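Going down the list, the protein sequences come from chains B and W.
Numbering-wise, our numbering puts 337 at position 337 of the first sequence, and it's gapless, one number per residue.
Here our numbering runs 1000 ahead of the position in the second sequence, where the first position is 1.
Derived from the structure by calculation, the hints contain no laboratory data.
Bear in mind the structure is a predicted one, so any value in this text is a computation, not a measurement.
Misleading hints may appear alongside valid ones.
Examples of chain B residues toward chain W, derived with CB under 8 angstroms [said to hold, decoys possible]: (1) Gly197; (2) Leu203; (3) Ala276; (4) Tyr280; (5) Glu324.
Just so it is clear, CB atoms sit at the ideal spot from N, CA and C, and this is done for glycine as well.
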Amino acid sequence: MSDILILNGRVVDPASGVDEVRDVLLRDGRVAAVELPGALKSVATAETIDAAGMIVAPGLVDVHVHLREPGQTYKETIATGTAAAAAGGFTAVVAMPNTVPVNDSVAGLGWMLDAARGSVVKLFAMPAATVGSMGGELTDFDALCAAGAVGFTDDGKPVLEDHVMRAALVAAARAGVPVSQHAEDTRLTGGCSMNAGPVAFRLGLRGMTIEAEARIVERDIRLLREIERVEGLRPHLHVQHVSTARAMDLIRDAKADGLHVTCEVAPHHFALTEEAIGDYDTRAKMNPPLRAEADRVTMVSALVDGTVDCIATDHAPHAAYEKEQEFERAPNGITGLETALGLALRVLHKGQGMPLARVVQLMSAAPAGIVKLDGRGTLRVGSFADVVVFDAAAEWSFDVAKTRSKSRNSPFDGAAMLGRVMATVCEGRVVHRQ
Amino acid sequence: MARSSKYAAGCLLSVGDLSVAEVSAVLGLTTRLEAMPRAERAEILAGRRIALLFYESSTRTRTSFELAAKSLGATTTLVSDKSSSIEKGESLKDTGLTLKALGAECIILRHPASGAPFLLARETGLPVLNAGDGMHEHPSQALLDLRTILTRLGLDASHIDANSLRGVTVVITGDILHSRVARSNAMLLPRLGARVLLCGPEKLLPEDALGLGRGVEIVRDFDAALSRSQVAMMLRIQKERLAGLELDLGDYIARYQLNGERLAAHAPKALVMHPGPMIRGLEIAGDVADGPNSAIEEQVSHGLAVRSALLVRAMGLGGFESATV
Chain B
1 MSDILILNGR VVDPASGVDE VRDVLLRDGR VAAVELPGAL KSVATAETID
51 AAGMIVAPGL VDVHVHLREP GQTYKETIAT GTAAAAAGGF TAVVAMPNTV
101 PVNDSVAGLG WMLDAARGSV VKLFAMPAAT VGSMGGELTD FDALCAAGAV
151 GFTDDGKPVL EDHVMRAALV AAARAGVPVS QHAEDTRLTG GCSMNAGPVA
201 FRLGLRGMTI EAEARIVERD IRLLREIERV EGLRPHLHVQ HVSTARAMDL
251 IRDAKADGLH VTCEVAPHHF ALTEEAIGDY DTRAKMNPPL RAEADRVTMV
301 SALVDGTVDC IATDHAPHAA YEKEQEFERA PNGITGLETA LGLALRVLHK
351 GQGMPLARVV QLMSAAPAGI VKLDGRGTLR VGSFADVVVF DAAAEWSFDV
401 AKTRSKSRNS PFDGAAMLGR VMATVCEGRV VHRQ
Chain W
1001 MARSSKYAAG CLLSVGDLSV AEVSAVLGLT TRLEAMPRAE RAEILAGRRI
1051 ALLFYESSTR TRTSFELAAK SLGATTTLVS DKSSSIEKGE SLKDTGLTLK
1101 ALGAECIILR HPASGAPFLL ARETGLPVLN AGDGMHEHPS QALLDLRTIL
1151 TRLGLDASHI DANSLRGVTV VITGDILHSR VARSNAMLLP RLGARVLLCG
1201 PEKLLPEDAL GLGRGVEIVR DFDAALSRSQ VAMMLRIQKE RLAGLELDLG
1251 DYIARYQLNG ERLAAHAPKA LVMHPGPMIR GLEIAGDVAD GPNSAIEEQV
1301 SHGLAVRSAL LVRAMGLGGF ESATV
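Isolated chain B, as found in the complex (with noise of 0.2 angstroms):
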């Protein structure tokens, strides 16, 4: 492997605290040095990237994105989402388990890690929490984790039943990995297409409330403190992204009590409200919905104020046929990867002036140690050489015709982004450059 240097960038690496000009050297697909401006200057390497003006940063994580394959490869593929993720500051991202047929075994975990399907940047899954994601009979935590699992998860519906998380929440603490929710009550969630109020009233469609997400986030919660209690283990929550004030008030005070509570908040979230559906437009159609001011105001201020763990994009494409359909009949969901920095450094940084660095923190070294990724999420010297360079200056639209996906569905199109990806690296290769 060759040897990369990244020259005079402004490099910000939250989990070590430097936030200077730095020139870091990266070989053999690690960090082999972070040093002074001009003191690599007699090394000899293969590539430089001149990064004078540009921050440098750990490289993006996602624990949150659906690359469909098996299955849907006409949505999207390993290799087309993960070229996405490249363009948009990403070198590793975690693939839910809602293919088809669901990752749920030891073998379709393998099929989807080989490099055979030609991840462009290093790939993790979350298999399924429950066989078939039916919600009854445990996978084998431990065979899985042997194999690779970050966590699990049911993503796409809950695990509803409390006896059933509660198992999951067991084996999952003992395997030392999160059980990653999506919180909604689908017992009162059925034939609704956006978030209860005043708007879905007005367009007819039936709403999403926010006791359905606040009482399986509340359920989880107790499940957490009795297994505590009972059992003595501590189990690690992982809350998806989150989208109602009051669900966060709880994650708040659970984390206050000491629980193993964390929490992710898509861009969507926080840059969008339910008003973005406007006449009926099936872009802004996802799960959890789009909601109203308060609760995005809320999931921003949670940003800020260190109650959210971390960005995730719930990166989530669809065929152009499938979103030309009807409001209530289209899928949910959209796609985000080479949005997500853009919308952190326009909304949270200049719109909420919350430091660079922090940006940096929720959107790498926060997400990779939610699924432990070791030596990932840092510039520390022996970490892997995953690393994003952009110019948090430049802005620009995102124009979707552009867009390395193999799906368009984004509600984003046309839109103001802040900060350009310039390129990104993973294990020191270049994957990505603008």
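Fit chain W to the given chain B structure using the hints.
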């Protein structure tokens, strides 16, 4: 309006598409068409093709649109979900494009999914008339209701402005949650100065309804609402959309049925309206439906007239030649 780039002029997808001036123009055209000799009227859309695309059953709306189109000389074709390739899984987009390829110049759509007319209008580029979409809107019904109210209250039904219904209170009672008629009326009538009271139990009328706009109020007590109103619009409970909701019908009838005693006690002069289909003995007593206050049959007649005007407008005629919607 902002929608102009995405939707053909002549579309009527929501009452919000029409400015007050355009509502007035539609009513004026309705009056002119009604006064026109039959033979002259039959020349207006002679040789033009209009498709009726119905994914839900309908008596009044379908028949009145069809008769309106025929009275204007247009050729009509009816496609329903029960007897077409829709049953085989053809999408709304493809169905619309097929009708367009067959020469349809305008599509009248009724569909169980809210917002479906927007999709059809975007994908075909044709003028689309919303003949009822899910729980969303039924704009032509609101226009015919408006004409009925103006006529019965002795107001000018050919020309209106933002104050035409100043001082008029309309109570809409019943299954507001599932009613596209309620939404269209509640969004249209206040723009002409009316006050709209929505009345019904919490289950059928959540507080979220206040988001329909200014001039809309929720009054749970039907008697109190009636006593303030000049117009009482009754709605059917939409059993097909209840989705598991349980109602005590006896209690509902006791609280919300419009019957002779209630009308005499609280609003003896009120105009009684119902968009149909009505369930006599449930939301409305038979004697009230047939009584002197009732305008229910006139609503149907006004429907034919107003829909004629909407078709002429959709085709870019009758004063809407340079319409920018």
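Results for each hint:
1. Gly197: This hint holds: glycine 197 (chain B) lies near chain W, its Cβ roughly 6 angstroms from the closest one there, short of 8 angstroms.
2. Leu203: At 6 angstroms from the nearest chain W Cβ, leucine 203 (chain B) passes the 8 angstroms test, so the hint holds.
3. Ala276: Violated, about 14 angstroms.
4. Tyr280: 3 angstroms, holds
5. Glu324: 5 angstroms, holds
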